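K.L.:
Residue strings, one per chain:
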Amino acid sequence: MDWISAIVQGTLLGGLYALFAAGLSLIFGVMRLVNIAHGDLIVLAAYMGLSTTVMLGIHPFVALLIVAPAMAGIGYVLQRGILNRTLGDDILPPLLVTFGLSVILQNALLEAYSADPQKMNAGVIETASVPVGGLTLGVLPLLTFAIAVAVIAGLQFIFYRTSLGRAFRATSDNSDIAQLMGLNKAHVFGMAMALALAVTAIAGILLGVRTSFDPSVGGARLIFGFEAVIIGGLGNLWGTLAGGVILGVAQTLGAKIDPGWQLLAGHIAFLVVLAVRPQGLFPRVAH
Amino acid sequence: MTARISRTSRSAQVAMVIAALGLIVLAAAPWWAGRADLRLLGEIYLYLSLAMLWNLMAGYAGLVSVGQQAYVGFGGYMLFALTMFAGLHPILAILAGGVLAALLSVPIAALIFRLKGAYFAIGTWVMAEVFRLSFAQASSLGGGSGSSLPVDVVKSFAASRSGREALSYWLALGAAVVVIACVYLFLRSNRGLALTAIRDSEVAAAGLGINIWRTKLEVYVVTSAFTAIIGGLIFLQKLRISPDAAFSVNDWTAFVIFIVVIGGIGTLEGPIIGTILFFLLRETLADLGTTYLIVLGLVAIGIMLKAPKGVWGLIRSRFDLELFPLSYRVKSDNSDKGA
Numbered sequence: 001m002d003w004i005s006a007i008v009q010g011t012l013l014g015g016l017y018a019l020f021a022a023g024l025s026l027i028f029g030v031m032r033l034v035n036i037a038h039g040d041l042i043v044l045a046a047y048m049g050l051s052t053t054v055m056l057g058i059h060p061f062v063a064l065l066i067v068a069p070a071m072a073g074i075g076y077v078l079q080r081g082i083l084n085r086t087l088g089d090d091i092l093p094p095l096l097v098t099f100g101l102s103v104i105l106q107n108a109l110l111e112a113y114s115a116d117p118q119k120m121n122a123g124v125i126e127t128a129s130v131p132v133g134g135l136t137l138g139v140l141p142l143l144t145f146a147i148a149v150a151v152i153a154g155l156q157f158i159f160y161r162t163s164l165g166r167a168f169r170a171t172s173d174n175s176d177i178a179q180l181m182g183l184n185k186a187h188v189f190g191m192a193m194a195l196a197l198a199v200t201a202i203a204g205i206l207l208g209v210r211t212s213f214d215p216s217v218g219g220a221r222l223i224f225g226f227e228a229v230i231i232g233g234l235g236n237l238w239g240t241l242a243g244g245v246i247l248g249v250a251q252t253l254g255a256k257i258d259p260g261w262q263l264l265a266g267h268i269a270f271l272v273v274l275a276v277r278p279q280g281l282f283p284r285v286a287h
Numbered sequence: 001m002t003a004r005i006s007r008t009s010r011s012a013q014v015a016m017v018i019a020a021l022g023l024i025v026l027a028a029a030p031w032w033a034g035r036a037d038l039r040l041l042g043e044i045y046l047y048l049s050l051a052m053l054w055n056l057m058a059g060y061a062g063l064v065s066v067g068q069q070a071y072v073g074f075g076g077y078m079l080f081a082l083t084m085f086a087g088l089h090p091i092l093a094i095l096a097g098g099v100l101a102a103l104l105s106v107p108i109a110a111l112i113f114r115l116k117g118a119y120f121a122i123g124t125w126v127m128a129e130v131f132r133l134s135f136a137q138a139s140s141l142g143g144g145s146g147s148s149l150p151v152d153v154v155k156s157f158a159a160s161r162s163g164r165e166a167l168s169y170w171l172a173l174g175a176a177v178v179v180i181a182c183v184y185l186f187l188r189s190n191r192g193l194a195l196t197a198i199r200d201s202e203v204a205a206a207g208l209g210i211n212i213w214r215t216k217l218e219v220y221v222v223t224s225a226f227t228a229i230i231g232g233l234i235f236l237q238k239l240r241i242s243p244d245a246a247f248s249v250n251d252w253t254a255f256v257i258f259i260v261v262i263g264g265i266g267t268l269e270g271p272i273i274g275t276i277l278f279f280l281l282r283e284t285l286a287d288l289g290t291t292y293l294i295v296l297g298l299v300a301i302g303i304m305l306k307a308p309k310g311v312w313g314l315i316r317s318r319f320d321l322e323l324f325p326l327s328y329r330v331k332s333d334n335s336d337k338g339a
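Quick note, the sequences are listed as chains A and B, same order.
All the letters of the first sequence, read from the start, carry residue numbers 1 to 287 under full-length UniProt numbering.
All the letters of the second sequence, read from the start, carry residue numbers 1 to 339 under full-length UniProt numbering.
Hints may contain errors.
[Stated by the list, open to error] Examples of chain A residues lying across from chain B (beta carbon under 10 Å, computed): (1) I82; (2) P93; (3) S102; (4) N107; (5) L110; (6) V149; (7) F159; (8) V217; (9) V229; (10) G235; (11) W238.
[What the hints assert, rightly or not] Quick partial rundown of chain A residues pointing at chain B, CB under 10 Å, derived from the structure: (12) R85; (13) Q106; (14) G165; (15) L263.
[What the hints assert, rightly or not] Some chain B residues well away from chain A (every beta-carbon gap over 10 Å; in silico): (16) R4; (17) S160; (18) A204; (19) R214; (20) K216.
Hints are computed from structural coordinates only; laboratory data are not their basis.
These numbers were taken from a predicted model, which means no experiment stands behind them.
Virtual Cβ for every residue (Gly too), placed ideally from N, Cα, C.
Pulled out of the complex, with its shape left as it was, chain A reads as follows:
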C-alpha cells in the first residue's frame, strides 16, 4: 500500500511539474525560444504572490487574480523589449540573454526578500485530506493536479480553437508568411510570452503554497520543467503532463528507497528516456 501511495503522490506531484513545463513548452513551440530564466520567473511569481497575500491579507488563490495579469504584463514587455531582439538563426543570444536575466532575477529577489525561506499560507486547504479507496490524499495535491489538467486543456483550446492560437501556429510554422497575412510577429510572440508567464504565475503560487521557497530554487524548477518536456516529447502539451507525472513518480519512488535519492531518481528517469527514446514518449514535431 505504501508503494501505491507513493505512486499516487508522485502522479499528483507530476501535475505541478507539468505546470512548470507548460510555459516552457508553449514558448518553445511558438518561437523556438528556450528560456533559461523560466525557473526564476516561477519563483518571482511565488514572491509576488507572497507580497500580495501579506499586503492585502487575501488568500493565495485570490492573489492569483493580481499575480497572473502582472506576470502576463511582464512577459509581454520582456518579449517585446528584449527577447524579440535576440531571436534569429543563432541560438547563442537568446540563451545568454535569458541566462543573464536568470542571474539578475535571482539576485534582485535576494536583495528584496533575503535568502530566508518563505512560504505562503493557504489555510485549512493545506492540511485537508480526503480518503480515496483506502488511500488518504491531500486536497491541495489533488487540486494542483486538477488545475494542471485544466490549464493544459485550456492551452490546448487556445492553440487549436481560437484566432490567437491560429496566430501562434501560423507564426511558428512560417513567420515570414504569417507577417504577409497581416500578423505582427513581434506582437504574437509577446502574447505567447504573456500567456506562458500567466501559466507560470499559477505554477509559482501553487509552488509557494506547497513548499517553502527561496531565491535560489529557480534553477531546479527549470530543470524539472525541462525534463517533463523532454520525457513527454517536444511540442505535445498532454505529453508534457505525462512527462511531469513520470518525473514525479520517479522522484517519490526514489525518495521511498532513500530520501537522498529523490532528485537523483528523477534525473535518472529523464536520462533513461533520453537514452532509449530521445524524441520523448509522445513526440509531436520532429527536430
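Starting from the structure of chain A, add chain B where the hints point.
P.N.:
Coordinates of chain B only, in the frame set by chain A:
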C-alpha cells in the same frame, strides 16, 4: 606586384613578445607579490583557463553548456578521492582526474548530444546536478557537508605553507599557459579549421566532408578533461570541498559565461580581456554583494544585444588588431619589382 598569404601580423608579433615578457614577470610573482595577491592571481589564471575552454566549446563548436561545473567539481573531488584513498601525489591525482573526466565525458556526450541547441544547454545542467547529487551521497567524501584535504596530503604536496602557495600558483599559471597554447594550436590545425567551418555553417561543413558529430565530440572530451584538471587545481587552492561549492552553477559557469560574453565570444582574445574586466569589476564592486551580480548580468545582456562580439569585437572592428594570428590575410608584396 605579387600577393602572398600570411597568418601573422605585426600586432600579433608584438603581442607575442609582450606576452613572453609578461609571463616571465608573472612567473616570478612568488618573489614580488604578497600572499593575497598571489592567491588572487592564481584565481585569475584558473578563471582564464575555464573561460578559454568554455569559449572553445560555445564560441567555436556551438556547444553551449551551462553544466561545466560538472567537470570542475569532478576534478576537485578526484583530487580528494585519489589522494585520500589511492595515496596518489596531488599533482598525479589532478592529472588522473583529467583522464577520468575524459573517459566519463564520452558516454555523457553520447546521451546529451541528442539534445539540440538550448536544450543541450539544460541537458548539461541536468548532468551537473546528477554529479552533485551523486557526490553528496558519497559518505566517505563527507557526503553533503564535504571534507577537507588531510594534512599529510597537503604536506606531501609541499612542506611549508609558502612553498605550497608558490607551487599552486605556478601550477595555475602553467595550466593557463598550457590551455591557451593548446586551444590556439588546435584552432590553427586542420581540426580547428574544420571547427571554424562548422561554426560558420554546419550544412556547408558537412558538405565538405567534415564529420560534425565527431569533431564536436573531440572538443567536448578534450574540454572536459582540461576543465576537470582546472577543477582539481581550484580545490587544491581551497583545500576544502563540498558538493554545493564544487558543482556551483554560479561560480563555475555563470561567471565564466559572463567573462566570455563581455570579452568577446568566438575569439581567443575575448576570454583574456573578459577575465581582466571581470576581476577589475569584482575587485571594485565586490562590496556591493548581490548588486554586483545584477550589474554583471545587465552588462552581459547589454553586450549580447548591442555588441554580440564583445569588447574585443569592438576593438577589432576599429583597429583591425589580432593578437592570436588565426585568420589568413592577403598581403601585397611591394618589394617584388619584377611584376
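K.L.:
Work down the list of hints and note, for each, if the structure agrees.
P.N.:
Results of checking the hints against the structure:
1. I82: holds (7 Å)
2. P93: Because about 5 Å separates A:P93 from the closest Cβ in chain B, which is inside the 10 Å limit, the hint holds.
3. S102: Given a least distance of 8 Å, the restraint on A:S102 holds.
4. N107: Status holds, d = 4 Å.
5. L110: holds (5 Å)
6. V149: With a closest approach of 25 Å, the A:V149 hint is violated.
7. F159: Constraint on A:F159 not satisfied, violated at 21 Å.
8. V217: violated (13 Å)
9. V229: Since chain B brings a Cβ to about 8 Å from A:V229, closer than 10 Å, the hint holds.
10. G235: Since chain B brings no Cβ nearer than about 12 Å to A:G235, farther than 10 Å, the hint is violated.
11. W238: violated (20 Å)
12. R85: holds (6 Å)
13. Q106: Interface hint status for A:Q106: holds (8 Å vs cutoff 10 Å).
14. G165: It is violated, given that the least Cβ distance between A:G165 and chain B is near 24 Å, above 10 Å.
15. L263: Holds: closest Cβ of chain B sits about 6 Å from A:L263, inside 10 Å.
16. R4: Holds, because the least Cβ-Cβ distance between B:R4 and chain A comes to about 34 Å, which exceeds 10 Å.
17. S160: Holds, because the least Cβ-Cβ distance between B:S160 and chain A comes to about 39 Å, which exceeds 10 Å.
18. A204: At about 14 Å from chain A, B:A204 clears the 10 Å cut-off, so the statement holds.
19. R214: holds (18 Å)
20. K216: At roughly 14 Å from the nearest Cβ of chain A, B:K216 sits farther out than 10 Å, so the non-interface label holds.
Hints 6, 7, 8, 10, 11 and 14 from the list above are not met by this structure, while the remaining hints are.
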